[in-house]
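Protein chains: 2
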Amino acid sequence: MKKIRLGIVGCGIAARDLHYPALKELTDKFEITAVTSRTKKHAEEFARLVGNPVIFNSYDELLESDIVDAVDLTIPIELNLPFIEKAVKKGKHVICEKPISTDVNTGKKVVEISKQTDRVIYIAENWRHIKKFYLIRDLLNKIKNPLFFKWNLWIGMDEENKYAKTKWRQQPKHIGGFLSDGGVHHVAAMRLIFGEIKWVSANTKKVVDYLGGPDFLTSIFEFENGVIGNYTVSYGISGQEDFEIVGIDNRLKLTENKIIVDDKEFSFEENLGYKEEFEDFYEVVINKKKNDLGSPLEALKDLAFFEAAVKSCGNKIELKTLL
Amino acid sequence: MKKIRLGIVGCGIAARDLHYPALKELTDKFEITAVTSRTKKHAEEFARLVGNPVIFNSYDELLESDIVDAVDLTIPIELNLPFIEKAVKKGKHVICEKPISTDVNTGKKVVEISKQTDRVIYIAENWRHIKKFYLIRDLLNKIKNPLFFKWNLWIGMDEENKYAKTKWRQQPKHIGGFLSDGGVHHVAAMRLIFGEIKWVSANTKKVVDYLGGPDFLTSIFEFENGVIGNYTVSYGISGQEDFEIVGIDNRLKLTENKIIVDDKEFSFEENLGYKEEFEDFYEVVINKKKNDLGSPLEALKDLAFFEAAVKSCGNKIELKTLL
Chain X
31 MKKIRLGIVG CGIAARDLHY PALKELTDKF EITAVTSRTK KHAEEFARLV GNPVIFNSYD
91 ELLESDIVDA VDLTIPIELN LPFIEKAVKK GKHVICEKPI STDVNTGKKV VEISKQTDRV
151 IYIAENWRHI KKFYLIRDLL NKIKNPLFFK WNLWIGMDEE NKYAKTKWRQ QPKHIGGFLS
211 DGGVHHVAAM RLIFGEIKWV SANTKKVVDY LGGPDFLTSI FEFENGVIGN YTVSYGISGQ
271 EDFEIVGIDN RLKLTENKII VDDKEFSFEE NLGYKEEFED FYEVVINKKK NDLGSPLEAL
331 KDLAFFEAAV KSCGNKIELK TLL
Chain P
31 MKKIRLGIVG CGIAARDLHY PALKELTDKF EITAVTSRTK KHAEEFARLV GNPVIFNSYD
91 ELLESDIVDA VDLTIPIELN LPFIEKAVKK GKHVICEKPI STDVNTGKKV VEISKQTDRV
151 IYIAENWRHI KKFYLIRDLL NKIKNPLFFK WNLWIGMDEE NKYAKTKWRQ QPKHIGGFLS
211 DGGVHHVAAM RLIFGEIKWV SANTKKVVDY LGGPDFLTSI FEFENGVIGN YTVSYGISGQ
271 EDFEIVGIDN RLKLTENKII VDDKEFSFEE NLGYKEEFED FYEVVINKKK NDLGSPLEAL
331 KDLAFFEAAV KSCGNKIELK TLL
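The listed protein sequences derive, respectively, from chains X and P.
Under this note's numbering, the very last position in the first sequence is 353; numbers go up by exactly one each time.
Under this note's numbering, the very last position in the second sequence is 353; numbers go up by exactly one each time.
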């Protein structure tokens, strides 16, 4: 089987804790041949961890070399667009950690580039590979007239949280700070289950001082299929998650390890989605599978929800006006 | 002690099941001297129940008689304004079941009348007399930086519900149907706890066919004190109520019979508020107590939330633009 020779760009949390554990299980499909990082020490540590690929002093040098077929971009969000652009120019495929970009207009440029190249630009949204959400989508047919979807998340990052301490997250150049950085996962899951979101009205707020940007959001919105949504998330305050789909006669509830419809419980295989995401990327690059799950346009739609939410201040914003 | 001679106008559910049980305990303060109802049979049955006061064939005749000091109006909402107007013209005090009127503009006329008369116009909002809400207001000081207030109510009226079967509720002339009819109680409680509401963005929907008007509402809003609200209510779908105040470090939760702050439980004396409301009305009429709890302006503000919510369709509406 042909292996993709992968250059990992950015050797921070995402590379080390999210992507590498997946790649370690996919050595038949990927070979990490190169790494680079703004912080040399990070690159060296990461290189040791992953089997001593070539360490490049810069992204440009990595791209100039002929030892990578694709780059895995796990970099500050504001670098996504220029780094994707460069990779494609050098004929490399790209898998890039979500969110697609800092804001919708910049993200549109990524979508444009992806239309004009035969190289793959794959936005890594691992939640589009999480099995429980597909099971929920399948179980929706058990809900008579689904009316309302409520999702309350109390993520409760403390000051010592590794993401909270990332410098570029502390002074976010991406819209909404943690709201979009973490939130695109949630919207990816919602859209996977219910389809497109028509409009949103939201209120966002900065609540805790150690998280960059706003860290609280409450919103009402409507899916194109008529289901009414109510999504509330706090990154600073901890608490019990509440995920429920309400129909006229019955409800679906997601708990930590099961889905409950009426009195019936459905278990699911828990997965983080990173492995599946790299497998999918492989299929798209090697076997020309359609890039539906890593599609830049899908990632852009996830982000658009948060740009609308941040701009909303209680006003209704139709998502199509941003897209 | 001077007794208020009360004429009960409208002998339906509110008179029989809500007001009379309270008045029965206040025979030292009130004497039901007269009744009238559009439906003669209702008036006769009610008269028998309450000790055979004089039955009048019409409201006009009741007002013309000199056997009542005050009228208790428990009538279809659209009759509130004309009936209040007539009562005041005839020199009678008024206690009138909430909501104040069909819509804010009509309600404003009630407020105007109340400013121009020395007669008492008391809008009976029993939830402004429910003790647990005052305890919650007191306990708010235990919540560090209250940020968010969430209230989900799943009232679940079925087709046989006595309110659902009321003809004037089936073809409501009052804005929002059950949303305002039932909802003014909730907003009265919220305003009692947190103060004035600045703006609301809401989505309302008709879900079940046997309830007149829309029966589902979800909303985000902001109180003038900065607390962000999220109120969802369904009159057709049943389910567990969820009432929670979220602060940065801790939460207050209201359950069926207690208030929980952190791990501490606070019990409260359960009361429906009707008895206290009539006692308060008595104090206002007889001892010139300030009419703060039965104030038409307060009742108007409760109603304004729902007029805004119904008009919102996801748009932000500042309540002051209605008031």
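Treat the hints as calculated values from the structure; they're not laboratory data.
Hints are not guaranteed to be accurate.
Any copy, or any two copies together, can satisfy a pair, since identical chains are not distinguished.
To be verified - Below are the DSS-like pairs computed for lysine-lysine, each with C-alpha atoms no more than 30 Å apart in a straight line: (1) Lys235 to Lys320; (2) Lys174 to Lys236; (3) Lys161 to Lys192; (4) Lys139 to Lys228; (5) Lys305 to Lys236; (6) Lys228 to Lys33; (7) Lys54 to Lys172; (8) Lys197 to Lys161; (9) Lys119 to Lys174; (10) Lys228 to Lys341; (11) Lys122 to Lys172; (12) Lys174 to Lys341; (13) Lys174 to Lys192; (14) Lys294 to Lys119; (15) Lys294 to Lys236.
Hint check results:
no. : hint             : result
1   : Lys235 to Lys320 : neither (39 Å within a copy, 38 Å between copies)
2   : Lys174 to Lys236 : between (38 Å within a copy, 15 Å between copies)
3   : Lys161 to Lys192 : within (26 Å within a copy, 46 Å between copies)
4   : Lys139 to Lys228 : within (22 Å within a copy, 39 Å between copies)
5   : Lys305 to Lys236 : neither (34 Å within a copy, 44 Å between copies)
6   : Lys228 to Lys33  : neither (41 Å within a copy, 60 Å between copies)
7   : Lys54 to Lys172  : neither (39 Å within a copy, 50 Å between copies)
8   : Lys197 to Lys161 : neither (32 Å within a copy, 49 Å between copies)
9   : Lys119 to Lys174 : neither (51 Å within a copy, 53 Å between copies)
10  : Lys228 to Lys341 : both (16 Å within a copy, 18 Å between copies)
11  : Lys122 to Lys172 : neither (45 Å within a copy, 57 Å between copies)
12  : Lys174 to Lys341 : between (34 Å within a copy, 28 Å between copies)
13  : Lys174 to Lys192 : between (42 Å within a copy, 26 Å between copies)
14  : Lys294 to Lys119 : neither (53 Å within a copy, 62 Å between copies)
15  : Lys294 to Lys236 : between (39 Å within a copy, 28 Å between copies)
This entry does not satisfy hints 1, 5, 6, 7, 8, 9, 11 and 14, going by the numbered hints stated previously.
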